[in-house]
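Protein chains in written order, with the working numbering: chain A, 11 to 277; chain B, 12 to 435.
By construction, these hints were calculated from the structure, which means they are not laboratory data. Please read these numbers as outputs of a predicted model, since none were measured by experiment. The reader is advised that the hints may include incorrect statements.
Simulated coverage check for chain A against chain B, where a stretch passes if three residues somewhere in it have a Cβ under 8 angstroms from a Cβ of chain B [to be verified]:
(1) 123 to 134
(2) 174 to 181
(3) 207 to 217
(4) 244 to 254
Ideal Cβ positions, reconstructed from N, Cα and C, are used throughout, including at glycine.
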Amino acid sequence: MSTLRALFLGIYLIAGIVQASELSVAIGVQDPSQLAMSGNVIPPNMPGSELIAFNDDLAREICRRIHARCTVSFVPFSAVLPGVEDGRFDLGFGNLLRTPERDKRVAFSAPIWYSSSRLLGTPATAEAFATKLSHPVSVDTLRDARVAALEGSLQLAFLNTIASQHSLTVSSRKTAQEVIEALRNNTADFGLLSVLSAYALLNRDTTRQIEFIGSAVADRGLGGTVHIALPLQNDTLRRSVDQAIVAIRGDGSFQRIARRHFPLGLD
Amino acid sequence: MVTPEFRERYRARTAFVILASTFALLFSVVVALVAMDQHRVLEASQRLQQDTIPQIIRYQRLARNLEQIRQEGERVFSATTPEARQQSLFLIMLVASHPSILEHPQSAEATRDAERFLIETGNLATRDAARIAQRHAEWQNISKRLSLLVDDLSVQGASLATDDLNEMVAVMQLARVKLIGALILVGGFLLLFILLLNRHLIRPLQRIDQTLSSLSVDRPAPEFPDARMAEIHAVEQATRRLHDSLAANEAARRELELLANRDGLTGLINRRHFMVIADAELQHTQGQGRQAVIALGDLDYFKRLNDTYGHAAGDTVLQSFALLLEESFRQSDLVCRYGGEEFAFLFPDSSLEQARALAERFRQRVADHDIRLADGLLIRVTLSIGLADASKSTIESALHDADFALYEAKRLGRNRVIVAAETG
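Chain A with its partners taken away, still in its complex shape (with noise of 0.2 angstroms):
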């Protein structure tokens, strides 16, 4: 009877490892229809496809290291934090930046590639903007303009701060593809995201109506490093995805993965 008894509590154990290396994560991605494709490969000739690919690889690879299965969900960028702050996700990936802010709400990984933005725009608005404001667009010179940023981002955050003062009137976006498409019909002026997602969504885009505007920003929260999002209380899981981080470098998967879907090094 205590044989049986042991043996059932084995079992038991053995249950609880493997439903302990089960992981949820959390992929944001850049269009729309993307949303349904939860679980699914993202088709590679999809706008913003190689930054989700990237993503997707980068995830999968790291939780080969840690020897956790995961699965993949591909939800709207805004809904990462959030989803991995009440524990639905255990690994958040999106372009994501790090702020004192997020600092209380999520844990983050070390970095895994640097990040900017910039804002884009049709070269047409571009030119009538600089003529009315006698200076070039940047983000700093701009003024009573649309501006559209993906919802949840800093880029939005941002512009929020300097709304008033700027005098833009500042919509929200659920993907960035959402906002490139607000700049095509002419609901918003500028748009401003991150330079890798926006490179990613244009990058296919053989009519180059919409294109960079002004120099990027990387300082004022706008850039910096991405990391990946983590429970604040699985201290465990974070320590083991930085190790699988410094790995995944050290043998050189990381750019591997990096280059298999971009033109240059992110790192």
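Assemble the complex: chain A is given as a structure, and chain B must be docked to it using the hints.
Frame of chain A, contents of chain B only:
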């Protein structure tokens, strides 16, 4: 000048504690110095690992991005289609947005200039492809500026590592010098310690050991050089006192032996001692096949002399007779007071005839010798002697024979020498 008696001496334990403490202090100082160097090396290593290498990586990343911008700029000029040109421009804008460039003012300015120039070039080329060639010379200047910047960044990165490594090498070289110094210090101190140990402890102890091993009353009192160690000096003093005690004991022993072996009145050896040494001498003589004779002598009418003149006179006669004995016999002859007025003799290396002549001559001398008593009265005594050959017999047997011959001498009228063989 300080004489050895008043020379300052040190306790071995105190000297050892002082030496060990000095050594420990010096060694600790050297270890502390080496530890400081080690700490500096550790600090430099940590700085290299935590600051310098990440900074080098940042420089490398920056140089790589600038080089990519430069290469994409070349592609803008070499592109054969507007799409390819636009693709390169787009990539330039992407790379130029990298924070590594934005954080480095010099690179940010160069990149901004290059980006602006290339975008203008792209716009001009869209309107008139022929104009792109006119701008290539200016691009070459911008490209050269980017290349120089890439080179500068590479050199700066290498210099950072070189500075740290040079500091580490300098510290390690200093540490090596200190370690060699420490080794010399330890070696020198050990040598000094061994020399002092040998001079002040080991050698004095060896001298004491040798002295104690050969300590004897037959040898002179031991002499030691002046020792600086109090304990060694104390042991040497004790050794000297031990020798003095041994000598005193030996003198006492000899005195006691003398008292035990000699007759108190005459100073001659007593019967017990005579039996011991005569037996040994006889065995030795017989062992070498030589002859020996035993004799017993007895003063004639000694009881009557005692009765007539008193015991004091008897004692005077015995003492006078003993002096005469010592004057008359050879050094090798053995004489003892056998008991009362009876005396025993051993004549080694003598035949019966020689012994008879010797005894006869002595008997005659006794008979002619005047003995002055305490009251001035002169008297004479006679001596009867019995001889026996002891060349082949035991001491007891020879004494028995001599006693028999003495009896015969008495019986035949006294004052004569009789040989045992003559009695049959």
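- request: Report the numbers of all earlier hints that the structure fails to satisfy, in ascending order.
  value: Of the numbered hints given earlier, those the structure breaks are 2, 4, listed in rising order.
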